[in-house]
Amino acid sequence: MSTDLDTLYQEIILDHYKNPHNKGLRDEFEAEVHHVNPTCGDEITLRVHLVDGQVKDVSYDARGCSISQASASVLTELVIGMPIDEAMAIHENFLTLMQSKGTIEPDEDVLEDGIAFAGVAKFPARVKCALLSWMAWKDATAQVLESNSLEKETAR
Amino acid sequence: MVGGLLPELGVLRKDFPILSRTLAGGLPLVYLDSANTSQKPQCVIDAMVDHLERHNANVARAMHQLGAESSEAFEAARDKVAAFINAPRDEVIFTKNASEALNLAANTLAWARGPLQVGEGDEVVITEMEHHSNIVPWQLLTQRTGATLRWFGLTDDGQLDLTNIDELITERTKVVALTWVSNMLGTINPVAEIARRAHEVGAIVVVDASQAAPQLPVDVTTSGADLLAFTGHKVVGPTGIGVLWGKRELLEQLPPFLGGGEMIATVEMERSTYAGIPHKFEAGTPPIVEAVGLGAAVDYLSHIGMDAIHAHEQAITAYALEGLATVPGLTVLGPLDATQRGGAISFEIDGVHPHDVAQVLDSRGIAVRAGHHCAKPAHKRFGVQSSTRMSSYLYTTPAEIDALVDGLEYTRSYFKLG
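Same order as they appear, the protein sequences are chains A and B.
Counted the way my numbering counts, the first sequence spans residues 1 to 156.
Counted the way my numbering counts, the second sequence spans residues 157 to 574.
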């Protein structure tokens, strides 16, 4: 019984939940998004700051369960300071893990603390919780990239 | 010993096959999510299987023996539902669920002409404790007609704030729509009293009885409602069927809802005339076997007695409120007096998100609901984003409440809260 529960609530997840990293909204950003999980009402406001093809900052304000909060914290730890394309690859990797129904061994070299979410993939109802911040980040990043490319086109 | 429980509860529980199943790891099921959907007794399951095995045919349009049997079973279900709420049979309309019933009410009122017409300058009054399905249809109606949506606020202890009733319900009010029993706070509202005021100004009273019909004796003649909605699956019936009851003279004035077969008298290429009530509001092949199941369900509840079921709910609710009060850091949202409320109890635990509470409880075989329970405005009113909700029913035992309270203690220790 509690082994199943411990699969879900890894120590790493509970640590990030109690002490979230990079939390709070910071002033430098190019795009801000607000995502909600309509079934439970969990929500996140997330900002991305991209400089020269790099993820300079991801700041956020979120309300939700331990899984969604810890996931946001782990996301920011992973992607801040990364080149955008590498960050996108990590996103892809995490998404695949979450959609694997627990059949994939996570790659610690890529996902670091994110491997703790492998257990979440076995709880279909909680996958959305884990993905809330990741989807918000991808959305915000795509918005910045899109407006950048529009600007370039107009400049031409 | 807990007083007021249904007699021979252990025997009654055997009527519900699902209650004796085990979950992963051999855990017994502790089902405390009946406000979400109730479990089904064997007689409902059997009635539906028997209909499908022996009597299946379309209704009111098949000129053969099976068609006659199916039509008879479908209309007999209407009789049973009518008896359950003390209404004449032709005032009972079958819908898909309570949401569709409320949308039927709001849409036909939006389309009505003459004295029922809602337009600019008119007002529709709802309450802050409504389920989304008794908010959104009225938002749509007021947006489409140019009318204004207003609402009763809530007091800190989860009651309707009626202090401004005379400012809210005025000559401009065309519709007052409210829930009888809150699905989140559990509050039982003084529907008849509010309806009296509404009728003084000529407003129509629409009652969402989704949580009331399972728990309280419902007599539409004394309820104060002009239109009243509930759903089958919360009264031990199947999903896929709901009920809208309406006063005959009102139903006759309202325009049709969906167009199609069964709701017509004659159809010509230019125009059609419509069937009388209730068929005017039942376009297309109805949920036949679901109606049969619902008929069996309300018969089952009536056989036990709604007064006895209400007493059982109150006894379990009082016992649960006592137990929950022993859990440190737990706050109940809504009235704390069991006699003032229904069997849905929403609560918060300091330091643990409702999702996580529900997850830990689930690992012990205890099923509750976590989230906003389709009542976001009511949660917002109490400054919370979401809550955990336990909800009991006629088959709930004090031992299951004990399991919940133990589970909550375990949840606190799991998340290392003192």
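Calculated from the structure, these hints are not laboratory results.
Careful: at least some of the hints might be erroneous.
[Unchecked claim] Each computed DSS-like pair below joins lysine-lysine, with the alpha-carbon atoms no more than 25 Å apart:
| no. | chain 1 | residue 1 | chain 2 | residue 2 |
| --- | --- | --- | --- | --- |
| 1 | A | K128 | B | K536 |
| 2 | A | K23 | B | K403 |
| 3 | A | K23 | A | K101 |
| 4 | A | K56 | A | K23 |
[Unchecked claim] Listed next, the stretches of chain A that the computed footprint assigns to chain B, with coverage defined by at least 3 CB atoms under 8 Å from CB atoms of chain B:
| no. | segment |
| --- | --- |
| 5 | 22-28 |
| 6 | 90-104 |
By construction, the Cβ of each residue, glycine as well, lies at the ideal position given by its N, Cα and C atoms.
Results of checking the hints against the structure:
1. Using a Cα cut-off of 25 Å, the hinted pair K128(A) and K536(B) holds, with the two alpha carbons roughly 22 Å apart.
2. Distance hint between K23(A) and K403(B) is unfulfilled; the C-alpha atoms sit about 56 Å from each other, more than 25 Å.
3. About 29 Å separates the Cα atoms of K23(A) and K101(A), which puts this hinted pair outside 25 Å; it is violated.
4. Using a Cα cut-off of 25 Å, the hinted pair K56(A) and K23(A) holds, with the two alpha carbons roughly 15 Å apart.
5. Three residues within the 8 Å Cβ limit are the bar, and the segment 22-28 of chain A against chain B gives 0, so the coverage statement is violated.
6. With 0 residues carrying a beta carbon less than 8 Å from a beta carbon of chain B, the segment 90-104 of chain A misses the three-residue requirement, and the given coverage is violated.
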